Amino acid sequence: MSKTSSGNFFEDFQVGQVIRHATPRTVTSGDQALYTALYGPRFAVQSSDAFAKALGYAHAPVDDLLIFHIVFGKTVPDISLNAVANLGYAGGRFLAPVYPGDTLSTVSEVIGKKENSNGRTGVVYVRSTGYKSDGTEVLDYVRWVMVNKRDATSPAPDPVVPELPAALDPQALGSAVPLLDTAKWDNDLSGADYRFADYEIGEKINHVDGMTVEEAEHQLATRLYQNTAKVHFNQHTEAHSRFGHRLVYGGHVISIARALSFNGLANAFHVAAVNGGRHVGPLFAGDTVYAWSEVLDRSEIEGRTDVGALRLRLVATKNRPCDDFPAQDHEGAYLENVILDFDYWALIPM
Amino acid sequence: MSKTSSGNFFEDFQVGQVIRHATPRTVTSGDQALYTALYGPRFAVQSSDAFAKALGYAHAPVDDLLIFHIVFGKTVPDISLNAVANLGYAGGRFLAPVYPGDTLSTVSEVIGKKENSNGRTGVVYVRSTGYKSDGTEVLDYVRWVMVNKRDATSPAPDPVVPELPAALDPQALGSAVPLLDTAKWDNDLSGADYRFADYEIGEKINHVDGMTVEEAEHQLATRLYQNTAKVHFNQHTEAHSRFGHRLVYGGHVISIARALSFNGLANAFHVAAVNGGRHVGPLFAGDTVYAWSEVLDRSEIEGRTDVGALRLRLVATKNRPCDDFPAQDHEGAYLENVILDFDYWALIPM
Amino acid sequence: MSKTSSGNFFEDFQVGQVIRHATPRTVTSGDQALYTALYGPRFAVQSSDAFAKALGYAHAPVDDLLIFHIVFGKTVPDISLNAVANLGYAGGRFLAPVYPGDTLSTVSEVIGKKENSNGRTGVVYVRSTGYKSDGTEVLDYVRWVMVNKRDATSPAPDPVVPELPAALDPQALGSAVPLLDTAKWDNDLSGADYRFADYEIGEKINHVDGMTVEEAEHQLATRLYQNTAKVHFNQHTEAHSRFGHRLVYGGHVISIARALSFNGLANAFHVAAVNGGRHVGPLFAGDTVYAWSEVLDRSEIEGRTDVGALRLRLVATKNRPCDDFPAQDHEGAYLENVILDFDYWALIPM
Numbered sequence: 117m118s119k120t121s122s123g124n125f126f127e128d129f130q131v132g133q134v135i136r137h138a139t140p141r142t143v144t145s146g147d148q149a150l151y152t153a154l155y156g157p158r159f160a161v162q163s164s165d166a167f168a169k170a171l172g173y174a175h176a177p178v179d180d181l182l183i184f185h186i187v188f189g190k191t192v193p194d195i196s197l198n199a200v201a202n203l204g205y206a207g208g209r210f211l212a213p214v215y216p217g218d219t220l221s222t223v224s225e226v227i228g229k230k231e232n233s234n235g236r237t238g239v240v241y242v243r244s245t246g247y248k249s250d251g252t253e254v255l256d257y258v259r260w261v262m263v264n265k266r267d268a269t270s271p272a273p274d275p276v277v278p279e280l281p282a283a284l285d286p287q288a289l290g291s292a293v294p295l296l297d298t299a300k301w302d303n304d305l306s307g308a309d310y311r312f313a314d315y316e317i318g319e320k321i322n323h324v325d326g327m328t329v330e331e332a333e334h335q336l337a338t339r340l341y342q343n344t345a346k347v348h349f350n351q352h353t354e355a356h357s358r359f360g361h362r363l364v365y366g367g368h369v370i371s372i373a374r375a376l377s378f379n380g381l382a383n384a385f386h387v388a389a390v391n392g393g394r395h396v397g398p399l400f401a402g403d404t405v406y407a408w409s410e411v412l413d414r415s416e417i418e419g420r421t422d423v424g425a426l427r428l429r430l431v432a433t434k435n436r437p438c439d440d441f442p443a444q445d446h447e448g449a450y451l452e453n454v455i456l457d458f459d460y461w462a463l464i465p466m
Numbered sequence: 117m118s119k120t121s122s123g124n125f126f127e128d129f130q131v132g133q134v135i136r137h138a139t140p141r142t143v144t145s146g147d148q149a150l151y152t153a154l155y156g157p158r159f160a161v162q163s164s165d166a167f168a169k170a171l172g173y174a175h176a177p178v179d180d181l182l183i184f185h186i187v188f189g190k191t192v193p194d195i196s197l198n199a200v201a202n203l204g205y206a207g208g209r210f211l212a213p214v215y216p217g218d219t220l221s222t223v224s225e226v227i228g229k230k231e232n233s234n235g236r237t238g239v240v241y242v243r244s245t246g247y248k249s250d251g252t253e254v255l256d257y258v259r260w261v262m263v264n265k266r267d268a269t270s271p272a273p274d275p276v277v278p279e280l281p282a283a284l285d286p287q288a289l290g291s292a293v294p295l296l297d298t299a300k301w302d303n304d305l306s307g308a309d310y311r312f313a314d315y316e317i318g319e320k321i322n323h324v325d326g327m328t329v330e331e332a333e334h335q336l337a338t339r340l341y342q343n344t345a346k347v348h349f350n351q352h353t354e355a356h357s358r359f360g361h362r363l364v365y366g367g368h369v370i371s372i373a374r375a376l377s378f379n380g381l382a383n384a385f386h387v388a389a390v391n392g393g394r395h396v397g398p399l400f401a402g403d404t405v406y407a408w409s410e411v412l413d414r415s416e417i418e419g420r421t422d423v424g425a426l427r428l429r430l431v432a433t434k435n436r437p438c439d440d441f442p443a444q445d446h447e448g449a450y451l452e453n454v455i456l457d458f459d460y461w462a463l464i465p466m
Numbered sequence: 117m118s119k120t121s122s123g124n125f126f127e128d129f130q131v132g133q134v135i136r137h138a139t140p141r142t143v144t145s146g147d148q149a150l151y152t153a154l155y156g157p158r159f160a161v162q163s164s165d166a167f168a169k170a171l172g173y174a175h176a177p178v179d180d181l182l183i184f185h186i187v188f189g190k191t192v193p194d195i196s197l198n199a200v201a202n203l204g205y206a207g208g209r210f211l212a213p214v215y216p217g218d219t220l221s222t223v224s225e226v227i228g229k230k231e232n233s234n235g236r237t238g239v240v241y242v243r244s245t246g247y248k249s250d251g252t253e254v255l256d257y258v259r260w261v262m263v264n265k266r267d268a269t270s271p272a273p274d275p276v277v278p279e280l281p282a283a284l285d286p287q288a289l290g291s292a293v294p295l296l297d298t299a300k301w302d303n304d305l306s307g308a309d310y311r312f313a314d315y316e317i318g319e320k321i322n323h324v325d326g327m328t329v330e331e332a333e334h335q336l337a338t339r340l341y342q343n344t345a346k347v348h349f350n351q352h353t354e355a356h357s358r359f360g361h362r363l364v365y366g367g368h369v370i371s372i373a374r375a376l377s378f379n380g381l382a383n384a385f386h387v388a389a390v391n392g393g394r395h396v397g398p399l400f401a402g403d404t405v406y407a408w409s410e411v412l413d414r415s416e417i418e419g420r421t422d423v424g425a426l427r428l429r430l431v432a433t434k435n436r437p438c439d440d441f442p443a444q445d446h447e448g449a450y451l452e453n454v455i456l457d458f459d460y461w462a463l464i465p466m
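Protein chains in written order, with my numbering: chain A, 117 to 466; chain B, 117 to 466; chain C, 117 to 466.
In case anyone wonders, no lab produced these hints; they're calculated from the structure.
Since this is a predicted model, take the numbers as computed values, not measurements.
There could be a bad hint or two in this list.
Just so you know, same-sequence chains aren't split out, so a pair can sit in one copy or run between any two.
Stated by the list, open to error - Straight-line distance between alpha carbons at most 20 Å, and here's what the computed SDA-like set of lysine to any residue pairs gives:
hint	residue 1	residue 2
1	K248	S415
2	K119	D302
3	K119	I317
4	K230	A443
5	K300	D422
6	K346	F312
7	K119	E316
8	K320	N453
9	K119	L305
10	K346	P437
11	K230	P271
12	K169	G251
13	K320	T120
14	K230	A268
15	K248	A212
16	K320	A199
17	K119	D314
18	K119	E410
19	K248	A174
Please build the complete structure, drawing on both the sequences and the hints.
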């Protein structure tokens with residue numbers, strides 16, 4: 117019997133099954149420096165200990181999406197090594213601040229499973245939870261992936277499809293942010309004057325800048341997250357894939373788009389929840405990513421006068437500027453060159 | 117009104133205007149590790165806590181040019197987003213050691229402004245100062261950039277051109293270096309026997325080695341510094357620029373040349389001042405950087421017997437070895453493939 | 117006389133000569149983060165402070181091969197700047213754990229020297245030892261390199277060829293690993309159930325995955341180690357070399373192969389000794405590395421019931437999957453596309 121893991125196939129997943137993933141990972145200031153070098157984020161809270169401490173944090177917290185990628189990366193060898201596609205995310209909540217020195221690990225529960233009509237693949241729904249070594253939950257989210265069956269003739273299981281919320285309740289947001297003394301929030305240092313009251317539902321923001329992606333960059337990022345999905349790393353095999361190229365990890369796109377969104381959303385410092393997200397087109401090295409945002413909703417949070425919540429749609433394209441806010445056509449089909457449609461709650465000072 | 121910043125134009129700058137820049141940035145050992153990976157510097161003081169502490173530092177200080185790039189990067193969104201060219205630097209002084217954990221921010225004052233005869237652009241002179249969060253000044257320098265006017269028909273302001281020193285007075289140097297116990301300076305560990313007394317005015321040193329630059333490298337570096345200048349990152353637009361390529365951040369060239377200069381200047385451990393600097397040609401990924409130095413001056417520093425100052429001219433080329441010390445022709449025009457002419461004071465043990 | 121080092125030639129080495137190398141280097145969590153980004157290792161002990169502390173470490177130790185590369189890099193300017201080829205390693209022992217904050221330096225002793233029959237080159241044997249600043253030895257190993265003579269007419273020295281062990285005695289292994297409380301070893305978190313008793317002599321493991329190498333990646337790595345060998349960095353000259361490309365540092369291949377070997381050897385957490393190693397083919401950017409392992413030997417270690425030792429042969433290829441375990445033909449010649457043959461002792465919990 118081989119000691120090499122070949123990952124799990126559709127038949128291997130059971131609803132209710134709990135998987136404790138390898139490898140626990142201590143997040144350090146080195147990881148945060150790399151994250152900065154990879155994406156160029158400029159949000160002051162994550163960038164400056166002094167800025168964060170003045171507000172009430174213990175230190176500058178680790179970037180939310182770095183946490184997401186590390187928690188996610190651990191699930192790949194067990195969940196998506198034989199994935200045909202990463203279909204979507206939902207119900208993601210950031211639950212506690214993570215500081216350099218904290219160790220993260222991930223546990224997943226299989227919450228749904230449905231064979232596709234072709235009989236060769238199926239969809240697996242997993243809720244993954246990231247923990248610190250003291251047991252504090254830092255993030256949980258649901259994702260669903262299309263996975264190959266080991267054997268096309270194995271019988272279809274009874275379908276179990278979980279109900280997923282379209283969006284998180286904003287009243288549940290913010291546990292990763294201590295109560296902030298926002299009198300200390302300095303708009304010059306944070307990069308913009310616009311706060312909660314300045315954003316209106318329906319407002320669209322073109323983030324203007326474009327960022328070209330290199331093979332070395334997405335590979336460094338994806339290895340940093342200990343994400344082992346083969347499609348990101350092996351040109352020898354990907355040269356013969358339908359794309360002919362290594363595929364950039366979808367989370368790399370989210371982080372680029374989020375960093376670009378600083379230009380227009382500089383004070384929206386914290387990703388509090390991921391309502392949903394879809395990678396609607398592939399990204400390859402050499403492509404240039406652009407992004408735009410739309411304010412989908414806004415909400416105060418009961419018991420908090422320091423920060424409010426903006427529900428934001430973040431759309432990313434490749435090789436296509438976003439001055440006309442490209443997304444879907446009238447029938448809901450995504451326009452060519454749209455690659456990401458991401459729906460999240462951000463917190464922003466009042 | 118757009119929430120996206122489109123940067124400042126020539127008309128937006130007023131002499132005397134003070135700009136507090138975003139984003140404060142805590143420098144960590146992660147940043148220093150990346151700096152080492154990006155350039156391969158081997159100066160012992162910045163590389164080794166043990167070496168630095170033996171001499172009298174609290175720890176190994178952060179590399180001087182990493183501080184420069186971080187302080188500089190913050191100014192880009194406000195000063196040079198619409199810059200046509202970064203024309204030069206002068207009067208740069210390193211004022212205090214920076215250690216991992218220190219948070220840096222930058223304030224700039226507009227000290228000069230002069231419209232060009234074409235009526236479409238002008239030159240803006242800015243003095244930028246980098247601070248720690250406790251108010252300690254760590255670096256100040258002047259730079260001048262050519263900036264587009266928003267409206268070619270707007271009237272020319274009265275020209276104000278600051279007087280800039282050709283070189284810093286060596287007696288003003290060294291405040292970023294504590295008094296060192298240079299009896300503890302170990303030439304084997306530092307990499308060379310040559311000290312202050314061994315260098316003569318007029319001496320030229322070919323640094324021999326060449327370093328090829330990759331797109332991923334200069335992008336990682338420039339994002340690490342949170343420098344947002346579009347020309348470095350967007351191949352989708354730069355493909356149609358006069359160069360057809362992303363332009364490598366000029367500071368990347370300075371750091372490569374400084375790292376190459378270790379071979380011949382291993383004990384010149386500290387950049388104490390930037391007398392002046394010009395990027396006289398563009399660098400692109402795929403090019404190979406070479407460098408040579410000339411000793412322009414040397415000076416003892418009153419009250420210090422530990423270190424002396426060497427005024428060095430550091431010239432970098434691309435795709436051209438420097439055994440014949442290429443720079444300018446008889447009429448002062450830079451030779452083809454010369455890309456940097458940088459004049460600085462370095463400290464070196466007596 | 118030039119202040120620029122042109123390295124040592126065959127005539128410059130004397131048997132018994134001791135060389136203290138520049139530059140001492142404090143290893144930080146930033147270096148470890150970069151190491152993770154460069155190779156994607158997933159061994160739990162090096163990845164997680166919490167996992168390592170539970171077992172009895174002070175913290176997560178720095179990756180063994182990162183230590184190797186840093187200790188090795190320091191020797192390059194003195195030993196192998198004029199090397200024609202890095203012929204092999206032997207007798208390498210990891211002697212003490214290295215934690216972030218430790219400063220490493222290297223001392224080498226010339227232990228052998230033999231001119232080649234062509235009269236133009238010779239082989240130099242060096243034992244290099246890495247130290248912490250408190251004098252603790254962390255690693256020693258022998259390597260031999262083919263070095264150019266400065267002058268082909270200089271007389272051949274009496275040959276001195278050291279006796280080198282084919283393999284380290286397993287009873288000498290393990291001093292870099294404290295006695296571990298392996299009751300705390302969690303197979304879910306470490307990534308596999310297989311421990312010492314589960315591996316048999318002669319067993320071969322295909323590590324399945326492939327990793328494509330980029331120029332920016334190997335240059336970042338090699339500079340991180342302050343390794344200055346010209347062949348890795350200068351495309352302007354290497355374009356005219358026999359290969360036409362920059363050569364990837366051999367240690368980069370070892371680290372990629374070791375990281376790939378996690379899939380099949382997840383619990384073999386520590387490289388305790390390097391019995392021998394040869395780079396049998398060159399690697400260039402764009403190539404994809406694969407690897408397989410063979411268990412050559414296994415041994416308990418007297419006085420230890422926590423860990424045992426596996427002697428492993430780690431073979432890496434380029435652009436060639438390893439399902440048929442490629443290595444040498446019947447006459448001992450390496451098959452095309454085999455690039456590394458590495459023999460080491462790993463420790464693994466009982």
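Taking the hints in turn, this is what the structure says about them:
1. K248 x S415: neither (29 Å within a copy, 36 Å between copies)
2. K119 x D302: between (55 Å within a copy, 17 Å between copies)
3. K119 x I317: Between copies, since 14 Å is at most 20 Å while 54 Å is not.
4. K230 x A443: Answer is neither: 29 Å inside a copy and 44 Å across each miss the 20 Å cutoff.
5. K300 x D422: within (11 Å within a copy, 43 Å between copies)
6. K346 x F312: neither (42 Å within a copy, 28 Å between copies)
7. K119 x E316: Between copies only: 12 Å across chains, 56 Å inside a chain, cut-off 20 Å.
8. K320 x N453: within (19 Å within a copy, 45 Å between copies)
9. K119 x L305: Classified as between; 16 Å across copies, 53 Å inside a copy.
10. K346 x P437: The answer is between: 13 Å across copies meets 20 Å, while 30 Å in one copy does not.
11. K230 x P271: within (11 Å within a copy, 70 Å between copies)
12. K169 x G251: Intra 24 Å, inter 16 Å, cutoff 20 Å: inter-copy only.
13. K320 x T120: between (49 Å within a copy, 11 Å between copies)
14. K230 x A268: within (14 Å within a copy, 64 Å between copies)
15. K248 x A212: Within. Shortest intra-copy distance 9 Å satisfies the 20 Å Cα cut-off; inter-copy 29 Å does not.
16. K320 x A199: neither (34 Å within a copy, 27 Å between copies)
17. K119 x D314: Classified as between: cross-chain Cα gap 9 Å, same-chain 57 Å, threshold 20 Å.
18. K119 x E410: Result: close only across copies, 12 Å inter versus 48 Å intra.
19. K248 x A174: both (16 Å within a copy, 19 Å between copies)
Hints 1, 4, 6 and 16, counting from the list given before, are not met by this structure.
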